[in-house]
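*Asks:* Okay, here's what each chain looks like letter by letter:
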Amino acid sequence: MNEDGAGRLIMDKERFSLTIERLAYTLMEEYEPFENICFVAIQPRGVILAKRLVERISLEPGMNTPLLGILDITFYRDDFRRRDKPLEANYTDMPFIIEGKRVILVDDVLYTGRTTQAALTALNHFGRPSAVTLLVMVNRRFNRHLPIQSTFTGIQVDALDKAYVQVTWEEESGEDKILLFADKQEIKH
Amino acid sequence: MPTNKEAQLSSKSLLGIKDLNDQDLRLIFQTTEQFKEVLNRPIKKVPSLRDLTIANLFFENSTRTRISFELAEKRLSADVVNFSAASSSLKKGETLLDTVNNILSMKVDMVVMRHPAPGACIFLSNHINVPIINAGDGTHEHPTQALLDAFSLQEKLGDLKGKKIAIIGDILHSRVALSNILCLKKLGAEVEVCGPPTLIPNYMTSLGVSVSYHLEKTLKWCDAANVLRIQLERQSTRYFPSLREYATYFGVNKHVLDTLNKEIIILHPGPINRGVEITSEVADSANSIILDQVENGVAVRMAVLYLLASKG
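Sequences listed follow chains U and C, in order. Residue numbering for the first sequence follows our numbering, starting at 1 and increasing by one per position. Residue numbering for the second sequence follows our numbering, starting at 1001 and increasing by one per position.
Honestly, I wouldn't trust all of these hints.
Derived DEER-like restraints, expressed as beta-carbon distance ranges [claimed, not checked]:
| no. | chain 1 | residue 1 | chain 2 | residue 2 | range |
| --- | --- | --- | --- | --- | --- |
| 1 | U | L160 | C | E1006 | 22 to 28 Å |
| 2 | C | N1202 | U | E171 | 55 to 61 Å |
| 3 | C | Y1213 | U | R83 | 48 to 54 Å |
| 4 | C | L1291 | U | T121 | 30 to 36 Å |
| 5 | C | R1274 | U | T121 | 40 to 46 Å |
| 6 | U | S58 | C | D1258 | 51 to 57 Å |
| 7 | C | L1260 | U | E170 | 49 to 55 Å |
| 8 | U | Y91 | C | L1157 | 17 to 23 Å |
To give an idea of the interface, some chain U residues facing chain C are shown, with a C-beta separation under 7 Å as derived from the structure [unchecked claim]:
| no. | residue |
| --- | --- |
| 9 | Y76 |
| 10 | K85 |
| 11 | L87 |
| 12 | A89 |
| 13 | F142 |
Note that these hints are calculated values from the structure, not bench results. From the three backbone atoms N, C-alpha and C, an ideal C-beta is built for every residue, glycine too.
Extracted from the complex, chain U is given alone in its bound form (with noise of 0.2 Å):
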């Protein structure tokens, strides 16, 4: 247990941290020098990631600054019209076409799948990419619903269905870190 009484701490910042770190060294034996390659991050959390890991690789010397695209699917959900309210939209800015390049889709964290299925028919509405990579900060092995997997994984969680895990990032509460609930009821937002 946390400090905060809820939710079990399955990795700190320092680790968290680390990971980012080979996240992106992986990324770079695979995709150096980033040519012909992007990121397209799914909103919202995705971004972060994403923005981190793409600050990263600019650093390295001999690297290329990866294109960064922002990819809102809220309109792409195979669960609109079954759940009561509708999603609000988050913004999307792809600031180039992603015909022939080899796309890396970054999400925080991959569960049911169904995200990043919505993510991969947004992403065909840009062009035709000539791959798509997975890469999120969390796989949660279990309770997939469609045949997705992940290339890139920060860290893998067994859990429950009815767990709950959370990642939250420095810039938007101040602290990098893993949270697993045993149940969603759980969770103070």
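Add chain C to chain U, keeping to what the hints say.
*Replies:* The following block gives chain C in isolation, referenced to the frame of chain U:
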């Protein structure tokens, strides 16, 4: 915890601006901005409403509004059926409610309606269960027009709080005027109506707007002027001696704008009677945002359709 904030309009249908609160307006404008971005993509389509069928019931002629609604629906991937009074069974004596109920039996999920009778949408909403969007009911309201006007103004002027907006022309017969006044007041703008006394109804001051019969004075006062069409089709008696006289006293032309020593934004809901309420020179000038209004119309309607389409 959902990834995005949930949001919903306070009413199930959009019958008029009257029913919307500040939160609703903010939500519609915010969603409009996102759809505007969608409309600038190479592929201008999203799958949000793909399992929905929408009926566009136009009991009165329309070009802009109808095409705009139809495009908005198609950009959202909805199935669309169109109906126009001219070629329908209305001519055989069918009532409005019968017509609509028959169409709804064919499993239609949403209705967009324009009708010459004020309150037609409100009447319908008391009898049917699906969301209704008012696309203009007689001389009453035309909510999506007011929303797109306000959205276009906000793009140019920023927050409308304290901004001075003039509405010029045929206020009496204009549903655009009433919806615009209600919308602009809710956004905190100051509104003045201007036109010949015969075309300004008495109740205007009770809406919290000022009344002027002097075009130049109003234009000097305002930051933006919404110039309305003279609706000859709704005028059974003459409200002014001649179109030429109207154009002389209330027509917005370059000459009168040049005397102001400032730039004002010009709006017009269309269709324009060139040379009557506005000259071509002004309508096509850099100050005119008439075509921005039309462009924003599709995005605003997409936002309204999207927000009303939830299961509710």
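*Asks:* What are the numbers of the hints that this structure violates, sorted from low to high?
*Replies:* 13
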